[in-house]
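Visitor: Turn these sequences into a full structure, and let the hints guide you.
Residue numbers (my numbering), protein chains in the order written: chain P, 1 to 248; chain L, 1001 to 1118.
Derived by calculation from the structure, the hints in this document are not laboratory data. Note that the Cβ used here is the ideal one computed from N, Cα and C, for glycine as well. Certain hints may be false.
[Stated by the list, open to error] Listed below are the simulated BS3-like cross-link pairs for lysine-lysine, each with C-alpha atoms no more than 30 Å apart in a straight line:
| id | chain 1 | residue 1 | chain 2 | residue 2 |
| --- | --- | --- | --- | --- |
| 1 | P | K60 | L | K1070 |
| 2 | L | K1021 | L | K1087 |
| 3 | L | K1101 | L | K1087 |
| 4 | P | K60 | P | K139 |
| 5 | L | K1070 | L | K1021 |
| 6 | L | K1021 | P | K60 |
[Stated by the list, open to error] Now the stretches of chain P that chain L is said to cover, found in silico as 3 or more residues with beta-carbon under 8 Å:
| id | region |
| --- | --- |
| 7 | 29-41 |
| 8 | 63-69 |
Spelled out from the first residue to the last, the chains are:
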Amino acid sequence: MSTRFHELRERLLRAGVAPRRVRRYLGELTDHFADLTAEEQHAGRSLSEAQSAALARLGKAEDLAQALIERSRFRSWCARAPWAMFGFGPLILLGAAYLVACLYLWCGWNFFLPGTDTPFGPPVAPTYSFANIYFQAGKFYYYSAPILVGWIIGIIAARQRLKAIWPVLGLGLIVWMGATAQVHASRSAVAGYGHISTEFFLLGHSSPTLSATLFSTFVLFAFSMLPYLVWRSRRTFVGTLTLVWGLF
Amino acid sequence: MVARETNPNFMNGVPELLILKLLQQDEMYGYEIVQAIRDRTGAVIAIGEGVVYPVLHGLERDGALRARRKTVNGRSRIYYSVTSRGKRRLADLSQNWVNLKNAIQTMLTGGQHVDAIP
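Guide: In structure tokens:
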């Protein structure tokens, strides 16, 4: 996409227009601009004159932005209801991810360790056996789920140029949920089937549990914030560079 | 007091009307639509060329237009065509416009006031 409409794109995104709509609008404007430039060149103008005339015919950036912004139905859900998208959305997403993790664990428990009371006991298979790899992959997925959800939040917030308060709120909730998540597994005495449950948001009472939770909170927050922080600092850097370049 | 339907802005709905009328005959992309409006109205009606796209997107969202990407002469463009809902909307807009035009005509020629909006 042409950098010609960069300012317009930023303005539309900051106004809450859905990124997909912005991309399509700018794509069509870019095509239209190319057609107008070709038409003006065909009429005998030089390239720079043709481009200036084409821009004038296309309309002022203000009018182009306003025409889309005033249609409120083109606003994204993140702009319409950020409290829902960043308050409930991430929790539902992480809850679903944990549900998948529990199902995965339950399947592995019943398939590889049918006689044991818990899937969390010492390894019963060689390190490179399929069973061990299966459980390690599950563990990796379980621990990385909050980070992945945090990255998704950060990417969505960055794409939509949202205020930092919303992704920080979403990440805070995710980190709290992720750091306090605990999986319990037991074998029912009656039916003999494995039973797995998860609890969230409860801080442990003992001091080692509390410090472990705090450490997890710190690690999860640092990792899940990473893409958003990189994007913010990159924007600040580019903005400063542009400003300095403008001074000279 | 009896509420009456009013026309706060006479140009309201005009771009939609012109676009639907044009696309009723043939599918077109944005640049073609703007050129066709300019040509067929003798440049009397000139809408901001870039501003046509939000109107097209709005009509598409309402189900009045259908958009599809088509490659012609090596260039990929989004072509718009009218749906059956768009045809009904065109008929409504046309009727409103005719009523409005008749009402203004009556006023200009000094005739009696008539109800513009049924």
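Visitor: If a hint holds in the structure, say so; if it doesn't, say that too.
Guide: Each hint, compared with the structure:
no.: 1; hint: P:K60 with L:K1070; in the structure: holds, 28 Å
no.: 2; hint: L:K1021 with L:K1087; in the structure: holds, 9 Å
no.: 3; hint: L:K1101 with L:K1087; in the structure: holds, 21 Å
no.: 4; hint: P:K60 with P:K139; in the structure: violated, 55 Å
no.: 5; hint: L:K1070 with L:K1021; in the structure: holds, 21 Å
no.: 6; hint: L:K1021 with P:K60; in the structure: holds, 27 Å
no.: 7; hint: 29-41; in the structure: holds (count 5)
no.: 8; hint: 63-69; in the structure: holds (count 4)
Hint 4 from the earlier list is the only one contradicted by this structure; the remaining hints agree with it.
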